[in-house]
Amino acid sequence: MKPEEIFAIELSGVTKRFGTIYANKNAELKVKKGEIHALVGENGAGKSTLMKILYGMYRPDTGVIKVNGKAVTLKSPKDAIDLKIGMVHQHFMLVKTLTVAENVVLGEEPVKNGFALDYARAKEETARLIKKFNLILDPDALVSGLSVGEEQRLEILKILYRKADILILDEPTAVLTPQEIKHFFDIIRKLSSEGKTVVLITHKLKEVLAVSGSVTVMRQGATVARVETSGATESSLAQLMVGRPVVFQVERALRTKEELDKSDMVLSVRDLRAISSKGHSALNGLSLDIKKGEIFGIAGVEGNGQSELVEIITGLKQPVSGSMNVRGKGINFPCSSPRKMFDAGIAHIPEDRHKKGLILDYSVAENLILGRHREPAFSSPMKMNFPGVDAFAAKMAGDYSIYPPRTDLRAGGMSGGNQQKIVVARELSREPRLLVVSQPTRGVDVGAIEFIHKKIIETRDRGCAVLLISAELSEILSLSDRVGVIYRGQLAGIFGAGEIGEEQLGLLMMGGKQ
Amino acid sequence: MNEFLQIFTLALLSTTVRISVPYILVALGATVSELGGVVNIGLEGLILIGAFCSVLGNYYTGNPWLGVLCAVAGGMFFAWIHAVVCIKFRANQIISGLAINIMAIGVTKFFLKYFFHSSSNSGRISGLPKWNIPFLSGTPVLGDITSSPLILLTILLVFAVFYAVYKTPFGLRLRAVGENPEAADTLGVNVYKMRYAGVLISGALAALGGVWLAYDQHQFTDGMSGGRGYIALTAMIFGKWNPALAALAALFFGFAEAIQIQLQTIGVDLPVQFIQMIPYVLTIVVLAGSLSKSTAPSADGVPYEKE
Amino acid sequence: MKLSKTFKIFLINIGVTLAAILASFIVGAFFILLVDVNPITVYWKLFEGIALNPYGLAQTLFKATPLIMTGLGIALGFKANIFNIGAEGQMVVGGFACAWLGFTFAGLPAFLMVPLCILGAFLGGVLWAAVPAILKVKTGAHEVITTIMMNFIALALTNYLVTYFFHLPETVHTQLTSQTAFLPRLDQYISAFKGSPANVTLFLAVALCVAFWWLIWKTPYGYEIRAIGLNPSAAETGGIHIKRTVLMTFLISGGLSGLAATNFIMGYKHYFEEGFSQGVGFMGIAVALVGQNNPFGIIFAALLFGALSHGTLVINALVPKDIIQILQALVILFVISANLLIKKYIARLNEDRS
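Residue numbers (my numbering), protein chains in the order written: chain A, 1 to 514; chain B, 515 to 821; chain C, 822 to 1175.
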């Protein structure tokens, strides 16, 4: 067998079931040594599951796993680590109360005197790897104080410490700004040039084209294609991912500056200052106006105050100082509450639907009336009006194509897209004047994304104002009438549609000047 | 007022150190268990188990050190039950702890009747022999401290636990497992094993606290833990899950009990019931003032489920 | 026969609970063996004492009555993720308030006195739950520890009050309440129950069960409590007032435990006596758990533990009565361990549907 034909990773016939759902169905993956290989597919296509099998976190029901030409059985991550496979997960696995060096050596700590932790050596090793791969980190820094980009570099550092030759990176750029993404690509290329094999799990097709050498496309648990990046385009890949041609831009009419100037003010905040739940300052004098009938998008790296801004506007948090007006009426801090905000006409689609948007153990119907359960149509003080609730729920399920249309089913059993639709349906049914929506399409498949975007624009067209917070720059740019960049608790700039591009946005998001 | 000030003597200081022993030991145990992510409300019951086993062992073998061994074995056994229920069966840790307490009360009373034919107290046993360390044994406070093996052991354990938690790989992994067990798991650390270790250690330490109580009173009495297990948990919260600070907080509670005893001895004008209430009221006040939510290990109390 | 999903879940809950009870009896048998007694003899005598004679049945009802009430109180807390372990103290304070009202306002006619005393018991429990409840809501103070501390303080406080102000000479109890505060015993209507202090507060307990069921499953307030228990973050984002609802629920939970005292104070001894609560507060935890926080399950569990409680007096000659605490603890441990199996089963049921 010729050397170039030995694959670093070869997975074939891999099937994995969770209950009755097939996460992987006869999936295949072949990656040559030293390659930068992209593994793409929609949410739920099975990419993460396949890689977690490779990393020993799951056992496949059937299939053969070969590493460097040899067939292996992986019983736990430790086996994978022994085979020099390292994985950086989508949600970082870092211990916030420990330092960078401690996180790096956890599980393989250098020891002195038989039982003591040799922190000095841990620090030394860490520093050496940081320098070699240009990762820019302080070994003594506590993880709780790191930025998202630094956290990711720490994750890579962890697997390099274990001498990984095969690196699996799951949605690595989901939380990075364009500049950080560029830096990240440089690191990937350096790793590849040092002979390391890199697998990138991603759904960001632009990046696949920018940095990978070859691509495997998965759909509904199975592998549908393996292509060379040089011969692929965004559309060709998207078509393979979804099985049909995909439209990237949403059709809509943009609001012009003149139109907006004539519009009524729906939300006005002045000089908001707030403290995060950890005690750091989160908002430092933020001001903005949102007009009736516009979509105001806020772009920014997570942790710059977006969450606190949303919490204040939706009544979940009190600012330290500053004022807020909704349709002309001042909001009385510190007495605001979600209830009062709903009454003022503000609806909220929260960013983490599992944590904040839905009660998974409640039925679809029960979730659809969350927050509205005390309205006369749904209850009287001593008795719930179940027929009224069910009728409303049935209508919503129809209007929003919630599948399956059984509103008595447990919400936790629905797919991500349908779960999000429940939240969207509920909030829009309030007929709000201001819709605050955070990360609306995170973890949602393409079909549902299109639907949700359409609904948001419909809402705007009906005269509602929309505040959109999203980490997907493309989503912000395609939907917003005006875009603001939030950085360190203030708005670094407000731009009309078309006035600014991704590059410049990315720069501002990192604190650069125009 | 004058009589109130009378209690502040050197005797109070040595009483404080003595009385604090069970609080410190149990607080250390509570901290170790919770740093690993398992809440152990059952410490109150483990103290009783330790106390009873030590008396049983001591009584039947005549050897106080064997009594200590029995206590540690008993404490670890019952702690193991809690560990299995919480870690393997992922049950609610608070309820499991309460059940352990109820069981401990029942088991100790049951065997108290069986072995000692009494429903209130056991036969008399001797405590650990006093050590005579030259130089120090004559001195007022230090003399008392250094002549008691248990007190010395306690001081040693404070340092040992602190060192183990912050300066060894074991401690690093334990803390990781209590803060972000998934992260530790992906690095090959056995989350379950670490948590078992934390709970078993807390059982051993709580049992030692029981030993001190039993040997101090030279017998086992029904319900002799008197709330110390819960107070030790409060000391842990007050000490922000840091073993050294928890031990310090435990000392504070020991001080409160010492004052309570002195007040009762010299006979103040306050009804005895109000003096008895002091430790409990103090605990509530301390809890009200401690910001427990933000400093607990993040995975504390959350059962770990390997995907 | 195609069974509906809800029915299947119901069956598995019952099945597992029964299995847990059986398991604890088996382990209990080991303890009995350890003291050189035949477990079969013991369990048979237990069964005889409880089920095969009317006095035993009446005693079971008598012991079950306060257990139902503390069980409801604790279960109400559990629904909102509140761990109210202070039922014992709340019952003691409720009992004291009830008795005090009973002998202080001796002139009142029965139709005023009875509601007053019942209200007093309720409010006594509410008062005693207030400190931990407010601290939990305002400072996040862990209610397990604060309520347990309040238990100790309740004992000391009532001891003080009785010793210094209210005790009858040579006793550890207060004077009798006025006759108008006496509630009739069941043996007035069922002569077979003669000799047992089982009384009409049993009906109060059952009424509270119905009220509980209605409150939790049929009112918007119940919707909110369950939402908070399942996902407080989503409940808050959805507009539910967490702090207010948690506070109210905690207080009502305390009040329910306070009401448990009426069984003793108004239906039995008619005075406040130290130690009357006899661990009912703690047993209420086992009742709530075995009853799966459901009023009908709670009735069953209360009957079970009430029967055991009476039964252990019957077998006291053979085996130390503390065996009941051991059995109690074992039941709790087995039930909560088995919950994992139930959860897995339910998850599988849910998957098959979607």
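These are calculated hints, taken from the structure and not from any lab test. Here the structure is a predicted model, which means the values were calculated and not measured. The beta carbon of each residue, even a glycine, is placed where N, CA and C say it ideally should be. You may find that some hints are simply not true.
Taking CB as the label site, the calculated pair distances span [said to hold, decoys possible]:
#	chain 1	residue 1	chain 2	residue 2	range
1	A	A377	C	F828	53 to 61 Å
2	C	Q1000	B	G737	47 to 55 Å
3	B	L670	C	G1096	56 to 64 Å
4	A	R273	B	A587	36 to 44 Å
5	A	D343	C	Y981	30 to 38 Å
The following residues of chain B were derived to be distant from chain A, with all beta-carbon distances above 10 Å [as the list claims (entries may be wrong)]:
#	residue
6	T575
7	I595
8	R604
9	F629
10	F630
11	H631
12	N635
13	S661
14	F684
15	L686
16	N694
17	F766
18	V795
19	A802
Hints, one by one, checked against the model:
For the hinted restraint 53 to 61 Å between A/A377 and C/F828, the CB-CB distance of approximately 31 Å leaves it violated. Against the hinted window of 47 to 55 Å, the Cβ-Cβ separation of C/Q1000 and B/G737 comes to about 37 Å, which falls outside the hint. Take B/L670 and C/G1096: their Cβ atoms lie about 42 Å apart, and the range 56 to 64 Å is violated. For the hinted restraint 36 to 44 Å between A/R273 and B/A587, the CB-CB distance of approximately 58 Å leaves it violated.
Between A/D343 and C/Y981 the beta carbons are some 50 Å apart, a value that contradicts the proposed interval 30 to 38 Å. Every beta carbon of chain A lies more than 10 Å from that of B/T575, the smallest distance being close to 33 Å; the non-interface claim holds. Non-interface call for B/I595 relative to chain A: holds, since the shortest CB-CB distance, roughly 27 Å, exceeds 10 Å. Residue placement check: B/R604 keeps its beta carbon more than 10 Å from all beta carbons of chain A (closest about 17 Å).
No beta-carbon of chain A comes within 10 Å of the beta-carbon of B/F629; the shortest separation is about 40 Å. The beta carbon of B/F630 is kept farther than 10 Å from every beta carbon of chain A, the shortest such distance being approximately 42 Å. With a least CB separation of 47 Å from chain A, B/H631 remains clear of the 10 Å interface cut-off, as annotated. At roughly 42 Å, the least C-beta separation between B/N635 and chain A is larger than 10 Å, which holds for a residue marked as non-interface.
Every Cβ of chain A is farther than 10 Å from the Cβ of B/S661; the closest lies at roughly 31 Å, confirming the non-interface assignment. B/F684, annotated as away from the interface, has a beta carbon of chain A within 10 Å; the closest lies near 8 Å. Listed as outside the interface, B/L686 is inconsistent with that label: its C-beta sits roughly 6 Å from the nearest C-beta of chain A, within the 10 Å cut-off. With a least beta-carbon separation of about 5 Å from chain A, B/N694 fails to lie farther than 10 Å from that chain, contradicting its non-interface assignment.
Look at B/F766: its CB is around 25 Å from the nearest CB on chain A, clear of 10 Å, so calling it non-interface holds up. Distance check for B/V795 against chain A: the nearest CB is about 30 Å away, which clears 10 Å, and the non-interface claim stands. For B/A802, the requirement that its beta carbon stay farther than 10 Å from each beta carbon of chain A is met, with the minimum near 20 Å.
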